[in-house]
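Enquirer: Residue strings, one per chain:
There are 2 protein chains.
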Amino acid sequence: MAADIDFYFDFSSPYGYFASTRIDELAQRYGRRVNWHPVLLGVVFKTSGAQPLTMVPLKGEYSIRDFVRTARFHGIPFNMPPKFPIASVAAARAMLWLQKAVGAQAAVGFAKAVYRAFFVDGIDVGEANSMLRIAAQQGIDTGALAAGIEQPEIKEQLKTEVEQAMLRGVFGSPYIIVDGEPFWGFDRFDQLEALLKNGSI
Amino acid sequence: MAADIDFYFDFSSPYGYFASTRIDELAQRYGRRVNWHPVLLGVVFKTSGAQPLTMVPLKGEYSIRDFVRTARFHGIPFNMPPKFPIASVAAARAMLWLQKAVGAQAAVGFAKAVYRAFFVDGIDVGEANSMLRIAAQQGIDTGALAAGIEQPEIKEQLKTEVEQAMLRGVFGSPYIIVDGEPFWGFDRFDQLEALLKNGSI
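In order, the protein sequences belong to chains A and B.
Oh and the first sequence: position 40 is 39 in numbering that gives the first Met the number 0, straight run, nothing missing.
Oh and the second sequence: position 69 is 68 in numbering that gives the first Met the number 0, straight run, nothing missing.
Derived from the structure by calculation, the hints contain no laboratory data.
Since the structure is predicted, the reported quantities are computational estimates derived from the model, not experimental observations.
All C-beta atoms in this analysis are idealised placements derived from N, C-alpha and C, irrespective of residue type, glycine included.
Possibly wrong hints are sitting among the right ones.
To be verified - Rough simulated footprint, nothing fancy, chain B against chain A, three-plus residues with beta-carbon under 8 angstroms:
#1 44–51
#2 67–81
#3 179–188
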């Protein structure tokens, strides 16, 4: 059995969102499974010294234009959220709790719904109540979820997972590792597909 | 007549080199001409706060891997130079002088030879004598060129061109502007081609 694809992303990352709309279908085409790993770029950026794209002089204005154009080019629904970036910690903790308490498939469904709410409907998913409303629409028990994201072991697990991601070299979103090969950015999906197809790149 | 393509690049930029191997042929396919604009990322980075890719924590190691893999993926000859990055100011001034004194075509031939010397043969083209040897191989009068890059008006022109590039939003290399649409990165050549082909994107 071919190894799984590790997919690292931040819920506040537009290119992470673009990747989330394609990664499962791409993996399936080549008989792979995807492990979804929510991370916190805010923590990663403390090490790398990076800033959210839209806050960088000169680059900021371009980056918003690039989000919109890249989405259109690839046929992905997208509206620049009125509030950006947002705190993605509640959604990330929620996903970890769901993976543990409900299962990987429900967690991925939730992640896709959160991304859609943020990058299509402009909802501030960093706000815990908004995030819980999205979970409710996915048929998730929001009482259990609200308690779950406050569990010390879930908070600790997210910290550990972000540290482990950084140890594996993750510095941005999306970041994909498969067969020991790292790919940063939705714009490396052509090279990622070549690896899945040919077994090497 | 369709408008020209403005191609901004730094002689020390691997992705600028990749773009330089494709931009003329791409433009020709859609009846466009290319204006080559050497810029100095060192100056631009003072405004944007960016650093050379290979010097950024976590990102540095990945970026070298990405240079090598991207070159291989696109069939572009590439060897990571032993000295990187380098000062690109002498080559940039040389190109401006050549554009003025000899013509655009000779200047582009020189630029391609400089890029090849750096990113294929590992020659430190930031060193003026190495740069002049490359010019000699292109049949350029190196005495005149050596004097040309010391002219105050050439030095002033490069400063002005870098400032104008930044006013147009240029913050990286390669950076392409055509029909008012900016594209940053060799990995946006698919979107650039769509614009040239369809007239919009």
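Enquirer: Could you work out which of the previously given hints the structure breaks and list their numbers from low to high?
Expert: Going through the list in order, the structure violates no hint and respects every one.
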